[in-house]
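Construct all of the structure, not just a fragment, from the sequences and the given hints.
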Amino acid sequence: MNAAEDEAAVERVLAGDSSAFENIVRRWQGPLVNLAYRFCRDRSRAEDMAQEAFLRAYRSLHGWHREAAFSTWLFALATNVYRSEIRRIPVRTLSLDEIAEPRDDRASDGVFEYGDRDRALRRAVVALPPKYRDVLILFYFHNMDVSSTARSLALPEGTVKARLSRGRDILRKKLSQRAGPLWIEEEA
Amino acid sequence: MRYDAVDRILSKEQQIIPSAGFIMAVMGAVRGERAVPPPIPFPWRRALPGALAAILALVALSIAGTRLFTDPASTQQISWPVLSTLTLILGPRHAVGASWIATSLIGSFIAVRLSMCFARREA
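Protein chains in written order, with this note's numbering: chain A, 1 to 188; chain B, 1001 to 1123.
Bear in mind the hints are in silico, worked out from the structure with no lab data behind them.
Quick reminder that beta carbons are idealized off the backbone N, C-alpha and C, glycines included.
Among the hints, a few may not be true.
In silico BS3-like cross-links for lysine-lysine, where the CA-CA straight-line distance does not exceed 25 Å [claimed, not checked]: (1) B/Lys-1012 - A/Lys-161; (2) A/Lys-131 - A/Lys-173; (3) A/Lys-174 - A/Lys-161; (4) A/Lys-131 - B/Lys-1012; (5) A/Lys-131 - A/Lys-161; (6) A/Lys-174 - A/Lys-131; (7) A/Lys-174 - B/Lys-1012; (8) A/Lys-173 - B/Lys-1012; (9) A/Lys-161 - A/Lys-173.
Beyond 12 Å from chain A on every Cβ pair, some chain B residues (computed) [to be verified]: (10) Ala-1025; (11) Trp-1044; (12) Val-1059; (13) Ser-1062.
This is how it looks when you write it as structure tokens:
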């Protein structure tokens, strides 16, 4: 299914054929559930949040004016739904200072195991202040594309870059205190 | 752009596959949404005359109120039929306060009766 098929499905739904919405759900269920998961880190809740986003999209289909791609509109709408949902019922997170200590002796030299480190970092993103959290989540969700991130959050690209930089600095600073020498920077 | 450990870890997130019943659940919710009747639009055509009358009444009352504060004696000259009748009934001494109360009570009564009448007709 491509953008033209998205548009055709939307036209059918707007004409009263609600079963055409299934094509949209089928195509976008993966991305929307994955985006929700990055906000809440809970699979079941991610599906509930994605369902709410689809329902909101169904109700607001007439509000898509085709200035942007359907995917852009859908991601922006879903992002708003997820942010509101997380604001309403916050994710239970550990503070950055409480993130897990190494679990076994091999890692007792103060260095995280790779799996622990990766999990800790992802949870640390969720624990960031919302303005940095949202930008980081969307940036990596959109394969590190600043303009897609900016469109999804309805922010100027400059603001996205600034928040991205600040958010990553917070993460590096907080986590390097606990994880030590693993955080060696590389040039791309 | 500098590519570091943060980028490397966060960009290789494992993909979640939605559960088998996800599409069914969403479509069930969509069908439920369709089954709900659309909200009744606000009856602007009916409400407009009432709203205009209320605005006019409010303006008239504000003018009369202003006059009352600036020149209490001028209330005797208000020649509206309701106020004049009330003045006659209640006597000139206490008519000012009582007439306003009576006017507002009558206004409220008429508004309630009218809205109940419209609601009954809609049902």
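Checked hints:
A threshold of 25 Å between alpha carbons decides the hint, and for B/Lys-1012 with A/Lys-161 the separation of about 20 Å falls inside it, so the pair holds. Between A/Lys-131 and A/Lys-173 the alpha-carbon distance is near 18 Å, which keeps this suggested pair within the 25 Å criterion. Distance hint between A/Lys-174 and A/Lys-161 is fulfilled; the C-alpha atoms sit about 20 Å from each other, no more than 25 Å. Taken as a hint, the A/Lys-131 and B/Lys-1012 pair is honoured in the structure, with Cα atoms around 22 Å apart against an allowance of 25 Å.
Among the hinted pairs, A/Lys-131 with A/Lys-161 is consistent with the structure: their alpha-carbon atoms are about 12 Å apart, no more than 25 Å. Between A/Lys-174 and A/Lys-131, the direct Cα distance comes to roughly 17 Å. Compliance with the 25 Å bound is thereby established for this hinted pair. Simply put, A/Lys-174 and B/Lys-1012 have alpha-carbon atoms about 21 Å apart, close enough for the 25 Å limit, and the pair holds. Between the alpha carbons of A/Lys-173 and B/Lys-1012 the distance comes to roughly 21 Å, so the proposed pair stays at or under 25 Å and holds.
Simply put, A/Lys-161 and A/Lys-173 have alpha-carbon atoms about 18 Å apart, close enough for the 25 Å limit, and the pair holds. With a cut of 12 Å on Cβ distances, B/Ala-1025 falls inside the contact zone with chain A, its closest approach being about 6 Å. Listed as outside the interface, B/Trp-1044 is consistent with that label: its C-beta sits roughly 21 Å from the nearest C-beta of chain A, beyond the 12 Å cut-off. The beta carbon of B/Val-1059 sits about 38 Å from the closest Cβ of chain A, which is more than 12 Å, so the claim that it is off the interface holds.
Taking the minimum C-beta to C-beta distance to chain A, about 41 Å, the non-interface status of B/Ser-1062 holds against the 12 Å cut.
In this structure, only the earlier hint numbered 10 is contradicted, and the remaining ones agree with it.
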